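Number 291 in the numbering used here belongs to position 291 of the sequence shown; there are no gaps in the numbering.
No lab work stands behind these hints: they were computed from the structure. Computed from a predicted model, the values in this text were never measured in an experiment. The beta carbon of each residue, even a glycine, is placed where N, CA and C say it ideally should be. Wrong hints could be hidden among the right ones.
[To be verified] Keeping only pairs whose Cα atoms sit at most 35 Å apart, straight-line, the calculated DSBU-like set for lysine-lysine is:
id: 1; residue 1: 201; residue 2: 79
id: 2; residue 1: 137; residue 2: 386
id: 3; residue 1: 479; residue 2: 319
id: 4; residue 1: 422; residue 2: 126
id: 5; residue 1: 126; residue 2: 386
id: 6; residue 1: 298; residue 2: 422
id: 7; residue 1: 169; residue 2: 137
id: 8; residue 1: 199; residue 2: 422
id: 9; residue 1: 134; residue 2: 386
id: 10; residue 1: 134; residue 2: 169
id: 11; residue 1: 319; residue 2: 298
id: 12; residue 1: 231; residue 2: 134
id: 13; residue 1: 79; residue 2: 284
id: 14; residue 1: 79; residue 2: 134
id: 15; residue 1: 190; residue 2: 422
id: 16; residue 1: 231; residue 2: 479
id: 17; residue 1: 479; residue 2: 190
id: 18; residue 1: 169; residue 2: 201
id: 19; residue 1: 199; residue 2: 500
id: 20; residue 1: 137; residue 2: 126
[What the hints assert, rightly or not] Estimated spans, in silico, between C-beta atoms of each pair:
id: 21; residue 1: 112; residue 2: 168; range: 28 to 38 Å
id: 22; residue 1: 318; residue 2: 81; range: 48 to 58 Å
id: 23; residue 1: 415; residue 2: 489; range: 52 to 62 Å
id: 24; residue 1: 519; residue 2: 180; range: 53 to 63 Å
id: 25; residue 1: 146; residue 2: 383; range: 25 to 35 Å
id: 26; residue 1: 485; residue 2: 382; range: 46 to 56 Å
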Amino acid sequence: MADWYLWAWILCSTMTLVVLRCSVLKRRKGNGISPTRGESVKRVLAGNGECRSADGSDADVIIVGAGVAGSALAHTLGKDGRRVHVIERDLTEPDRIVGELLQPGGYLKLIELGLEDCVEEIDAQKVFGYALFKDGKHTRLSYPLENFHSDVSGRSFHNGRFIQRMREKAASLPSVRLEQGTVTSLLEEKGTVRGVQYKTKDGRELTAFAPLTIVCDGCFSNLRRSLCNPKVEVPSCFVGLVLENCHLPYSNHGHVILADPSPILFYPISSTEVRCLVDIPGQKVPSIANGEMTNYLKTIVAHQVPPDIYDSFVAAVDKGNIRTMPNRSMPASPYPTPGALLMGDAFNMRHPLTGGGMTVALSDIVVLRDLLRPLRDLNDALNLCKYLESFYTLRKPVASTINTLADALYKVFSASPDQARKEMRQACFDYLSLGGVFSTGPISLLSGLNPRPMSLVMHFFAVATYGIGRLLVPFPSPKRIWIGARLITGASGIIFPIIKSEGVRQMFFPATVPAYYRAPPLK
1 MADWYLWAWI
11 LCSTMTLVVL
21 RCSVLKRRKG
31 NGISPTRGES
41 VKRVLAGNGE
51 CRSADGSDAD
61 VIIVGAGVAG
71 SALAHTLGKD
81 GRRVHVIERD
91 LTEPDRIVGE
101 LLQPGGYLKL
111 IELGLEDCVE
121 EIDAQKVFGY
131 ALFKDGKHTR
141 LSYPLENFHS
151 DVSGRSFHNG
161 RFIQRMREKA
171 ASLPSVRLEQ
181 GTVTSLLEEK
191 GTVRGVQYKT
201 KDGRELTAFA
211 PLTIVCDGCF
221 SNLRRSLCNP
231 KVEVPSCFVG
241 LVLENCHLPY
251 SNHGHVILAD
261 PSPILFYPIS
271 STEVRCLVDI
281 PGQKVPSIAN
291 GEMTNYLKTI
301 VAHQVPPDIY
311 DSFVAAVDKG
321 NIRTMPNRSM
331 PASPYPTPGA
341 LLMGDAFNMR
351 HPLTGGGMTV
361 ALSDIVVLRD
371 LLRPLRDLND
381 ALNLCKYLES
391 FYTLRKPVAS
401 TINTLADALY
411 KVFSASPDQA
421 RKEMRQACFD
431 YLSLGGVFST
441 GPISLLSGLN
451 PRPMSLVMHF
461 FAVATYGIGR
471 LLVPFPSPKR
481 IWIGARLITG
491 ASGIIFPIIK
501 SEGVRQMFFP
511 ATVPAYYRAP
521 PLK
């Protein structure tokens, strides 16, 4: 009988140990560090609770991605004395069809960050405004640059050349370490991100630890889901071409053609090349491989481009170097996470029609730099996280203005069979053609020189009111009154959902948000 008790005791003890082991494994897995990885990494616990690797190669900040946002951020933090470890999937020169036009507001941020020389020696072209074309008519919209230094303007360039210059500038700082590798996951412990796990160029799997990890891995980010609520929309796709030795109707200007079904863009990217971006609504585009795309560009698009550009456009189509890219839009909806932060296109996207992405990213970097400058120690993850909640509020007026304008303008500029939408589109073109405050106001918003949300709303509804006035003068027939009513409701239906997704309070009344007043941790 005693033997039975002994065996029962042994069995119960064994089962208890198994249950405890499973519980520990589940908890570790929930914290984001796999048990095998957690046990294989050699770590030492510093006296202040820091998590460090045994080789002593830790940084103050890990940056995932070395695109425009990642490279600029690495240089900015490195210049402030932070030890920065940048991990980029591919350090060769990127070849993209977007991220090629920097608005004047973005260039001012570049100057503020000490990176203005990155647009030198890459054959970048100055941009002084836009030309707008519709149904054979055209108007020029110049940036209001009268009160700025003569060097201030927009810049257009090859995206890859610009990024390589910023990477070189960041890597030139002794406190910045630039490494090629693919980050596979964030390492999390008790709800706090401690670092990253990544695979090097030669296939080794390594970990890196830092008090703060900033994810800037672009629009295709595979890490954002744990740091935000990504609601990505793909309203359209861009078809990209390069026109060689093409003379645009207005030199040193971006050109926007209000075509059917959606806008076409032209802008210089070097002294001999012009980028053409044809917008195609939806997520499906004609096949390039079987010639459908070539046929579409020649039969649907070519006759809508200005005559001065037609021959160069057809020659570029015949040359066959046609690229496509989906256009994404995603409002910022972060989960405040101790030890981690999202930035760049991984964090927030808008339609690239207005070329505002780099301006938002550089503005965000200035905000973050100013928040981090008073801090000597980043190891208090919980208090740092609470303090950096102010980042999400302080960035809003600039970011939300540019985001809202981009998404709203794309909808207004796109063709529609609806008569009220047609009237809104025509009203927008005619309003901008009036000149004076009617053109400088909107172009100041688009350029990032005056990113004020209230100004955006005022001009947007001024366009709608102008459109209604055109309908009601001189004879307000019942049909015209009905179209006018639908025009104003349609305008509201365009802009209000975008504002709602951006956050009404943070966008228009940031000073009423408690995080706006967060003070640095006392450490």
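Hint-by-hint comparison with the structure:
1. 201 <-> 79: Answer holds: residue 201 to residue 79 is near 27 Å, not above 35 Å.
2. 137 <-> 386: Given that 35 Å is the threshold and the Cα spacing comes to 53 Å, the pair is violated.
3. 479 <-> 319: 49 Å, violated
4. 422 <-> 126: The hint holds at about 33 Å.
5. 126 <-> 386: Violated, at about 41 Å.
6. 298 <-> 422: With Cα atoms ~25 Å apart, residue 298 and residue 422 stay inside 35 Å; holds.
7. 169 <-> 137: With Cα atoms ~44 Å apart, residue 169 and residue 137 exceed 35 Å; violated.
8. 199 <-> 422: At roughly 52 Å apart (the allowed maximum being 35 Å), residue 422 and residue 199 break the hint.
9. 134 <-> 386: Violated, at roughly 49 Å.
10. 134 <-> 169: 42 Å, violated
11. 319 <-> 298: 13 Å, holds
12. 231 <-> 134: Holds, at about 33 Å.
13. 79 <-> 284: 44 Å, violated
14. 79 <-> 134: 47 Å, violated
15. 190 <-> 422: Measuring from Cα to Cα gives roughly 55 Å; hence the hint is violated.
16. 231 <-> 479: Outside the cut-off at roughly 39 Å; violated.
17. 479 <-> 190: The hint is violated at about 64 Å.
18. 169 <-> 201: It holds: about 22 Å lies between the C-alpha atoms, which stays within 35 Å.
19. 199 <-> 500: 40 Å, violated
20. 137 <-> 126: The given pair, whose Cα atoms are some 25 Å apart, holds under the 35 Å limit.
21. 112 <-> 168: 28 to 38 Å: 20 Å, violated
22. 318 <-> 81: 48 to 58 Å: Holds: the Cβ-Cβ distance is about 54 Å, inside 48 to 58 Å.
23. 415 <-> 489: 52 to 62 Å: 19 Å, violated
24. 519 <-> 180: 53 to 63 Å: For residue 180 against residue 519, whose Cβ atoms are near 39 Å apart, the range 53 to 63 Å is violated.
25. 146 <-> 383: 25 to 35 Å: Given a distance of about 45 Å, which is not inside 25 to 35 Å, the answer is violated.
26. 485 <-> 382: 46 to 56 Å: 53 Å, holds
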